[in-house]
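Trainee: So the chains spell out like this:
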Amino acid sequence: MTSSHQTLAAARWRIAIVLTAIVICIYFGFIALIAYQKEWMGSPIAPGLSVGILFGAIVIVASWLLTWFYVWWANNHYDAKLDALKREAK
Amino acid sequence: MIEPLLTQATAATASAIGKPNAVAMAFFFFFIAVTLGITWWAARKTRTTEQFYAAGRSVTAAQNGFALAGDYMSAASFLGIAGLVSTTGFDGLIYSTGWLVGWPVVLFLVAEPLRNLGKYTFADVLATRLKQAPVRIAAAVGTLSTVIFYLIAQMVGGGSLIKLMFGLSYETAVVIVGAAMIAYVIFGGMLATTWVQIVKAALLLGGAAALAFMVLAKFGMNPLALFSAASTKYGAGMLAPGKLVANPLDTISLGMALMFGTAGLPHILMRFYTVPDAKAARKSVFYATGLIGFFYLLTFILGFGAMVLVGPDAIKAVDKGGNMAAPLLAEYLGGTPFLGFIAAVAFATILAVVAGLTLSGAAALSHDLWTSVVRKGEARPGEELKVARGAALVLGVIAVVLGIVFKGQNVAFMVSLAFAIAASANFPALVLSIFWRRCTTQGAVASMVAGTAGTLLLIWFSPVIQVDILKHTTAWFPLKNPAVLTIPASFMIGIIVSLLTTDDKAVAGYDGSVRDMIDGRRAA
Numbered sequence: 000m001t002s003s004h005q006t007l008a009a010a011r012w013r014i015a016i017v018l019t020a021i022v023i024c025i026y027f028g029f030i031a032l033i034a035y036q037k038e039w040m041g042s043p044i045a046p047g048l049s050v051g052i053l054f055g056a057i058v059i060v061a062s063w064l065l066t067w068f069y070v071w072w073a074n075n076h077y078d079a080k081l082d083a084l085k086r087e088a089k
Numbered sequence: 000m001i002e003p004l005l006t007q008a009t010a011a012t013a014s015a016i017g018k019p020n021a022v023a024m025a026f027f028f029f030f031i032a033v034t035l036g037i038t039w040w041a042a043r044k045t046r047t048t049e050q051f052y053a054a055g056r057s058v059t060a061a062q063n064g065f066a067l068a069g070d071y072m073s074a075a076s077f078l079g080i081a082g083l084v085s086t087t088g089f090d091g092l093i094y095s096t097g098w099l100v101g102w103p104v105v106l107f108l109v110a111e112p113l114r115n116l117g118k119y120t121f122a123d124v125l126a127t128r129l130k131q132a133p134v135r136i137a138a139a140v141g142t143l144s145t146v147i148f149y150l151i152a153q154m155v156g157g158g159s160l161i162k163l164m165f166g167l168s169y170e171t172a173v174v175i176v177g178a179a180m181i182a183y184v185i186f187g188g189m190l191a192t193t194w195v196q197i198v199k200a201a202l203l204l205g206g207a208a209a210l211a212f213m214v215l216a217k218f219g220m221n222p223l224a225l226f227s228a229a230s231t232k233y234g235a236g237m238l239a240p241g242k243l244v245a246n247p248l249d250t251i252s253l254g255m256a257l258m259f260g261t262a263g264l265p266h267i268l269m270r271f272y273t274v275p276d277a278k279a280a281r282k283s284v285f286y287a288t289g290l291i292g293f294f295y296l297l298t299f300i301l302g303f304g305a306m307v308l309v310g311p312d313a314i315k316a317v318d319k320g321g322n323m324a325a326p327l328l329a330e331y332l333g334g335t336p337f338l339g340f341i342a343a344v345a346f347a348t349i350l351a352v353v354a355g356l357t358l359s360g361a362a363a364l365s366h367d368l369w370t371s372v373v374r375k376g377e378a379r380p381g382e383e384l385k386v387a388r389g390a391a392l393v394l395g396v397i398a399v400v401l402g403i404v405f406k407g408q409n410v411a412f413m414v415s416l417a418f419a420i421a422a423s424a425n426f427p428a429l430v431l432s433i434f435w436r437r438c439t440t441q442g443a444v445a446s447m448v449a450g451t452a453g454t455l456l457l458i459w460f461s462p463v464i465q466v467d468i469l470k471h472t473t474a475w476f477p478l479k480n481p482a483v484l485t486i487p488a489s490f491m492i493g494i495i496v497s498l499l500t501t502d503d504k505a506v507a508g509y510d511g512s513v514r515d516m517i518d519g520r521r522a523a
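As given, the protein sequences belong to chains A and B, one line each in that order.
The numbering of the first sequence is numbering that gives the first Met the number 0, which starts it at 0 and goes up by one.
The numbering of the second sequence is numbering that gives the first Met the number 0, which starts it at 0 and goes up by one.
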């Protein structure tokens, strides 16, 4: 059964890599904007709300959504395949 | 440094901060009584190494989520970020987000493989297919360096904060923290430590939420009204990036240390062994990320609340670093009783974090070094547990001594140093050994040794030591945090050394470890 274990491990690995890359892009994109687009990040959208504050909140919400998405995928798709593998092994 | 400032400030603002506060003392002794009660209960359930290190794998996903949050939300993040926001505005948000983004990385890359491959420490994962002795020694060096620097920062920060808030002497505060922490760990092991974290997380989140609610109530429950009041009073610059990000590369480097360091912190990694299976480990990170993100949003409200209601000048007058912003805000909104409550919560926060750190350091000493290396896995029954308790006692005493030795020193850099070592020594080796077939023992060891040594060396030559502490005019290495160099270097060294060496057992063991990693057979 090792090859199907490897297929499943590879599927998890792909999802993990893609999601990690997204988090890295979001966070370091935010930092890069702060570093190189200071003016624009400070510009107001509404009274009390600047572009930077909005983006900061988006980074936090995006972290939540990405962890939620992974847990949802793992609980529904990954675990189902894993259970099938375990039954097969018996 | 703090003392003259403090006397001036208490005269000027008539704050009760720094005076013995009956409410704070009452809350504090109540917390100590409750946690020692928990320890007494946990001690009766702590008879084996599995119970001592991993709470018998009995912790639920939700409980572990709270405990992870409790381990992670240190006094530095509660008082420090609120203080930073209250004096600089937007810039504090850079830190809030940085502390959170490590958690998705923990979830995607390490939580489940760790639970399925290891028993008590992250070195267990490396040792599944690499040679026991070398990887365990290297991992123990990485673990202990991370733990010691983090402990010193907590002890020194804790001692000064407690002195500032309760009016106790610095040494008394450090000894009380050390004694309580040693009691939790030695008698109650992981079960007591877990419940101390849960109680602390609930208190901290509850206290911060109540405070944020009281702030927002003054602004029609609208955070934007609060932010706009801040920009009217102190200028639109408060909502824009300021001078904290003068050097972008430094900011990126700190960001990398925070993002990848979280996934290499031994006391965080150890928590994944306390849950029954990988699924619970996965869910617990989801809870933790939600709680920690919520907490950092709250600190942002508290920071702006303190800026508008208390004022940056009044905050800096009490403590130059701004650390007293949240306690001052509590006093403004709820008087001395609420100040007392928040002060006690801050104390509880420090206690819980040092307990988690000490336990993970003790596990590295007893499980990795003593049982696996010295005894080659053949320890007498009950021996490892005795060694673990002894190691916890020794580490606790070392923490107290170092806390007193470093009194009055600038140790803020030690937290980012601990994260940089975790990110450069522990994280790359862990990822390479889990996901890369060709990873050899030599490669993993070289990566861990280079990560630890490189980080220490570059910190030594950086401005935080050369300019801030040794008072030289320039530093040879320009960055305050070396992670931007050391993380890629540590990965490269691990890969190059692995490619240059052969380790047949490691390569042959890869298929088995992939299988164990996903079906959790070994862990079950």
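Check the hints yourself; a few may be wrong.
[To be verified] If you want a taste of the chain B side facing chain A, the calculated C-beta under 7 Å gives, among others:
#1 P103
#2 T288
#3 G292
#4 V400
#5 L401
#6 I403
#7 T501
#8 V513
If you're looking for bench data, these hints aren't it; they were derived computationally from the structure.
Please read all numbers here as calculations on a predicted model, not as lab measurements.
Positions of the beta carbon are idealized from the N, C-alpha and C atoms, including for glycine.
Trainee: Against this structure, judge whether each hint is valid.
Mentor: To see whether the hints hold, each was checked on the structure:
Interface restraint check: B:P103 against chain A, minimum CB-CB distance 5 Å, threshold 7 Å, status holds. The criterion of a C-beta within 7 Å of any C-beta in chain A is met by B:T288, whose closest approach is roughly 5 Å, and the hint holds. Taken as an interface hint, B:G292 checks out: its beta carbon lies about 5 Å from the nearest beta carbon of chain A, inside 7 Å. Evaluation of the B:V400 hint against chain A yields a violated restraint, the C-beta minimum of about 38 Å exceeding 7 Å.
The criterion of a C-beta within 7 Å of any C-beta in chain A is not met by B:L401, whose closest approach is roughly 33 Å, and the hint is violated. Interface hint status for B:I403: violated, as the beta-carbon distance to the closest one in chain A is roughly 37 Å, over 7 Å. Below 7 Å, beta-carbon pairs count as interface contacts, and B:T501 has none with chain A, the closest being about 22 Å; its hint is therefore violated. About 5 Å separates the beta-carbon of B:V513 from the nearest beta-carbon of chain A, less than 7 Å, and the hint is met.
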